[in-house]
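Q: So you can see what is in the structure, the chains are spelled out below.
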Amino acid sequence: MNPAALKADLHRLEQNGLLIVNSDAFEARDLEKAGYDHNPLHDGSLDTYRLVEIPMTSLTQKATEPLGVKARDAERSKNFFALGLVSWLYSRPVEPTISWIESRFKDLIKESNLAAFKAGFNFGETSELFDHPYEVKPAELTPGEYTNISGNVALAWGLVAAGQLAKLPVFLGSYPITPASDILHELSKHKNFGVRTLQAEDEIAAAGMALGAAFAGHLGVTTTSGPGVALKSEATSLAVSLELPFLLVDIQRGGPSTGLPTKTEAADLNIAMYGRHGEAPLPIVAAYSPANCFDAAIEAARIALKYRTPVILLSDGYLANGSEPWCLPDPATLPDISVPFTTEKNHVNPDGTEEFWPYLRDPETLARPWAIPGTPGLMHRVGGIEKEDGRGDISYTPDNHSKMVHLRAEKVARIANDIPPATITGDADADVVLLGWGSTWAAIDAAVQRTRRAGTKVAWIHLTHLNPLPANLGELLRSFRHVLVPELNMGQLCRIVRAEYLVDAKPVTKVQGLPFTSAELEAAIQETLS
Amino acid sequence: MSDVIVPITQKKDWMSDQEVRWCPGCGDYGILQAVQFLMPELGVAPENTVFISGIGCSSRFPYYMNTYGMHSIHGRAPAIATGVAVARPDLDVWVVTGDGDALSIGGNHLIHALRRNVNLTILLFNNRIYGLTKGQYSPTSEEGKVTKSTPMGSIDHPFNPLAVALGAEASFVARTHDLDRKHMMSVFKAAHDHKGASFVEIYQNCNVFNDAAFDEVTGKHHRAERMIDLVHGQPIRFGAEGQHGVVMGTDGQLRIVDVAEVGEDALLVHDAHRADPGLAFALARLSHDDHSPTPFGIFRSIDRPDYGGQVAAQVMQAGEKKGPGNLASLLRSNGTWTVG
Ligand code: SF4
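First to last, the protein sequences are chains S and V.
Heads up, the first sequence is in my numbering, so the first residue is 1 and it goes up one at a time.
Heads up, the second sequence is in my numbering, so the first residue is 1 and it goes up one at a time.
Hints were generated in silico from the structure; no laboratory data involved.
Zero decoy hints are in this set.
Cross-link-like lysine-lysine pairs, in silico, DSSO-like; alpha carbons within 27 Å at most:
hint	chain 1	residue 1	chain 2	residue 2
1	S	K345	V	K12
2	S	K345	V	K11
3	S	K167	S	K189
Can you build the whole structure from these sequences, using the hints too?
A: Structure follows, in structure tokens:
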């Protein structure tokens, strides 16, 4: 670390943690630039950490000097010295890094970086500044075939899979936006699955095209991030009214407006829940890890198709660009999510003549029939104007509108019976439960494990369905004295569960464009219990 | 393909059971009649036909057609119809829109559907006013127009719908008017038969909020002198006796002349198939007001690959090159390792 980095990031280090500084970088001028009026290495302020001072700049200069590298240029290789040192500290194999350096750099810069890297590694081994190297045991993985997957690729593959499982062509209408564009790029590569991708003139058109494709019998999808969700609100509201399957994927980023386009945040739950005009509820699914984006995409498509409704799938920048090892599922075990198109008339008039009624619902799911153009005898018109229940003709009747508003809400509410119940991880008899959703999963997981290892009981519920919520959630939450809701927003889910269940849930919020650290959540748990 | 069955239908097969609710005397009735009379002539089936509209008086059109249809969102019909046409190149997709719908709130979608050459037949009912919202000026209203939202007269320079379409390099561009069913039917048929995006402007009278907007051109007493009928391959001439014509001056400007003065050979010969849209653009802008000679008919009709066809071709090519999609291999495509 140099003084500036020390100042910015020291708060992230736990007490008694290992602090390695580049002592060459703590000259008076460096200190002044970073805003220190004295040297923190010498004032005792770092006594609670295990401070290791290494003159990395001069050591790198010495290591590269024999190659003919000038002192000034050696500066640029010192990060590789640090990387070599850390590689030794954590007992990492050096070969992958060496071959990466060899492929990435050329000539003298390559040689200089290699020399610095090796010097750093050797310094760790010989200097005795550290008690011992750490060994990070390979993660315990269940047996199986693995690949490394990022959230956006997993999501794109999930959409491809959803098309296969639904036996429908996938149609993506999309407009480039960070951090969602990679889904468009990835899907564009898989036309051999019958996937059609269309880069639209704007976010609005992208949603409209997907909705048009859905009307025509495709799995219509549109992908975007924050500002794009606002622009797609109009088409999504129409999809609520048309009752057609439609997937809106939101890779959340810091907002409002352009906000922090490359940083993560999960502050679009409110717009997903409420960001439409009129009474327009729709189901919301949220992915919790990069690999889970695959399953979440299939689940969102399943709900959209079965209930003929728009569904919002939430991911975020952290999941989108983060990656993890993924134990590949056997495609044969994936669910069949296909739904039949309606091909026959469905209503008999008193005089015996038959008609097609586009809003005659399935009594159980309340889904309306999906009859696509090309089907003889079932020609019908749909539109944004309120429709008569059953027959589907335009209707301005007060009672009918009330009935349709209630039917559309009831259709979404009933999905609660068709999603997995919420489950508790950890101690069901704990005093405190963490209620999480989305990408906070990894940090909560680590915080819960560490808290329990330290002897404190804690429970955790992680939601994958945010609307409707699992049917048993209220009962579960009420069985705990404290409910903590960690979210990368100002407490959006927290307000929903407070309103829904009248439980005294407390928010744990963070809006820095960064994910939670497990230490932050551990501290929140301890604070609640103390 | 000699055994393709051409569906035999009658006008009534294309009429829905919905009561038509435009104001009595509205020009929309005539356009609906023309379309319903035309459909049996096209040799297509109602179940393979889709009408998509936006919002506005004209956009009620789909409700009256016994086809698949969607009354969608203000301005968005070209985008939604693009989704339908690209997903299903087997369908006949029509867009019904108005001057506010297509050129104001939906201007972006219109020009992009045209430049992509999506296989759509777009009928723009131009009445130069907002009818549904009861009489505000529209993007085609003339400067100085006094309406509820412009009590001191509009200061907006209007769009010329054909110039917009030609600027977007639409592959088929035509104009007709609501008083001539035969002319409408022939233009609509050509637009329908054209592969790619067809754009038809229809002068439509809104007798409630902008009555007689086109009377000085299409009215019975003015037609002969003010309507110029464009016929591909023919010299452009008009007038009761064909006494007027259009020439191109040495400055590149189109001018109206007396044929007797310049001689027939000097007249411009209409070429709808010219690759360059420049001449069609000049014709579209021949009249700058609502009482000068105005061309009607097909301004431009050129061959260009249609978008949905090209998308389908890429899907087919990908299938041929990579084989049909296999999920198990896709999941392994970035390399795998086994934990034992
Ligand atoms: S307001 Fe004008 S355009 Fe609308 S239906 Fe009435 S006459 Fe026709």
